[in-house]
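Number of protein chains: 2
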Amino acid sequence: MNVAIIGAGNVGWHLAQALQAAGHTVTGVYSRTAPPREELAAQLKSAQPLSSLGLQSINADVVLVAVPDAAIAAVAAALRVQPGTVVAHTSGSQPLSILAAVQDAQTGVFYPLQTFSKAKPVAFKQVPILLEATDQAALQRLQELATSISHTVEVVPSGARKHLHLSAVFACNFTNHLLGISRQLLQEANLPQHLLQPLIQETIAKAMQHDPYTVQTGPAIRRDQNVIEEHLHMLQQHPRLQKLYRLLTQSIQAAPEGR
Amino acid sequence: MNVAIIGAGNVGWHLAQALQAAGHTVTGVYSRTAPPREELAAQLKSAQPLSSLGLQSINADVVLVAVPDAAIAAVAAALRVQPGTVVAHTSGSQPLSILAAVQDAQTGVFYPLQTFSKAKPVAFKQVPILLEATDQAALQRLQELATSISHTVEVVPSGARKHLHLSAVFACNFTNHLLGISRQLLQEANLPQHLLQPLIQETIAKAMQHDPYTVQTGPAIRRDQNVIEEHLHMLQQHPRLQKLYRLLTQSIQAAPEGR
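Those protein sequences? They're chains A and B, same order as listed. Read in full-length UniProt numbering, the first sequence has 196 at position 196, and its numbers run on one by one without any break. Read in full-length UniProt numbering, the second sequence has 257 at position 257, and its numbers run on one by one without any break.
Think of the hints as simulated: they come from the structure by calculation, not from any bench. Predicted model only: the values in this text are computed from it and were never measured. Among these hints, one or two may not hold up.
Claimed, not checked - Derived list of chain A stretches under chain B, where covered just means 3 residues or more per stretch with a C-beta under 8 angstroms from a C-beta of chain B:
(1) 92-99
(2) 112-120
What the hints assert, rightly or not - With beta-carbon atoms standing in for the labels, derived distance ranges:
(3) A:Ala-254 with B:Ser-46: 47 to 55 angstroms
(4) B:Ala-78 with A:Gln-126: 51 to 59 angstroms
(5) B:His-238 with A:Ser-158: 35 to 43 angstroms
(6) A:Pro-157 with B:His-233: 56 to 64 angstroms
(7) A:Thr-33 with B:Gln-187: 40 to 48 angstroms
(8) A:Pro-239 with B:Ser-46: 51 to 59 angstroms
(9) A:His-233 with B:Glu-38: 39 to 47 angstroms
Glycine included, every Cβ here is placed at the ideal spot set by N, Cα and C.
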């Protein structure tokens, strides 16, 4: 397929590489400023760097909009494409309807569920791609594109995608914060960071293989009040962490499948 | 070395196998009830199953006490060993002093920092072992034993070990709970569990390579109040999770190195 990409940030960058590696042709790359589009286009075989959202002269079966959430609506309003193109955004948290203003095209969502940074290569085959589209023909075209670069392609409508995002906030954003707290506490006690890494890795591996509620360990689930009180005492210089410790302990003890 | 092991649970089981594989001789295995000690002794080349804590006739350079925390003090009081033996417990949360009652022996701590289950093999070389002892000679003997089965051996006194444990509660016990919440939310939205796994794995990998505070992502750190309000609304049937969401969001925004 011929694909044009709007946005030359982390997502656009990795998508362009993965699509070309799968045999597709990236025909154009747009970004607001020149350096990113020039740099990305130079990495690709036959992509034109585009300085305008008027893409009427660009061959594209699919246009992927990989810009920050806050910029999607403005791109949708300004974009011009050849009739019959499918325009899809790549955001996990924005509804399909945010593309309603796009003219002469079917619209969809093409959301790669992963965190990207330019410096780090991505095994795209392992990245789930979640799709949605306004009609069946557009959905089929996105499915064909998605399955050519990923093993895991699912149709997930906007409503369910919001729940997925909420779930990811707990599993990823909040988890990262707890790992940050843990690292801070190690630092304050002059303990080397690497000591906990095997335990963290094993904990995550176990949580992936089981329902985490059923493999919960630690003082909260054991209701070991001596250790809990001692930990709260050790955190007395950190009232914010004390509050978190207390609430997470209560939550573990109240969880539906807590033993 | 000759090693006797008190306790035939998960820790005793894996320690015995790792020590034998490293060329040591496990000479005796004690447990309160017969089946575990018989089963473990049968797996080992030359271990006697022991039904009493009188080990005066058992050759042991080191006796490792791998029983639940609450049972260590009672074992220490009842244990009898040959003079010159080093007796070490394997607990992360108990001080060295809990072995003060042991007669005719130097005492220590030999703490493998990992979560064990019998069914799952352990790459012991990757498991950090934290040591402490009442005197230098005993410490040296424990160091020799530990370095023969693990690449990572550190001397960590009881006070620092408590901080390590607190840090592990945040990094492992609390993290596991958040992964449980995430799974519950996916289930309630009828979304497949596997969709989030690549994102979780990448999040953890990133948190290991950086200070997690500096790679924090998500609505909290972006101060994206629209998304935060929407998530709180979606959690209205779960007041406990709403409270956790709010407090974790505040904590991310207040963290010392939050951007």
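Structure-based check of all given hints:
1. Under a criterion of three residues with beta carbons nearer than 8 angstroms to beta carbons of chain B, the stated coverage of the stretch 92-99 of chain A fails, only 1 such residues being counted.
2. Only residues whose C-beta sits within less than 8 angstroms of a C-beta in chain B count toward coverage, and the stretch 112-120 of chain A has 3 of them, enough to reach three; the restraint holds.
3. Against the hinted window of 47 to 55 angstroms, the Cβ-Cβ separation of Ala-254 of chain A and Ser-46 of chain B comes to about 49 angstroms, which satisfies the hint.
4. In this structure the supplied range 51 to 59 angstroms holds for Ala-78 of chain B paired with Gln-126 of chain A, their Cβ-Cβ distance being about 53 angstroms.
5. Between His-238 of chain B and Ser-158 of chain A the Cβ separation comes to about 21 angstroms, which falls outside the hinted range of 35 to 43 angstroms.
6. For the pair Pro-157 of chain A and His-233 of chain B, the beta carbons lie near 19 angstroms from each other, so the given range of 56 to 64 angstroms is not met.
7. Under the hint 40 to 48 angstroms, the C-beta atoms of Thr-33 of chain A and Gln-187 of chain B, about 43 angstroms apart, fit the expected range.
8. Range check, Pro-239 of chain A to Ser-46 of chain B: Cβ separation about 55 angstroms, and the 51 to 59 angstroms hint holds.
9. Between His-233 of chain A and Glu-38 of chain B, the C-beta spacing of about 43 angstroms keeps the proposed range 39 to 47 angstroms intact.
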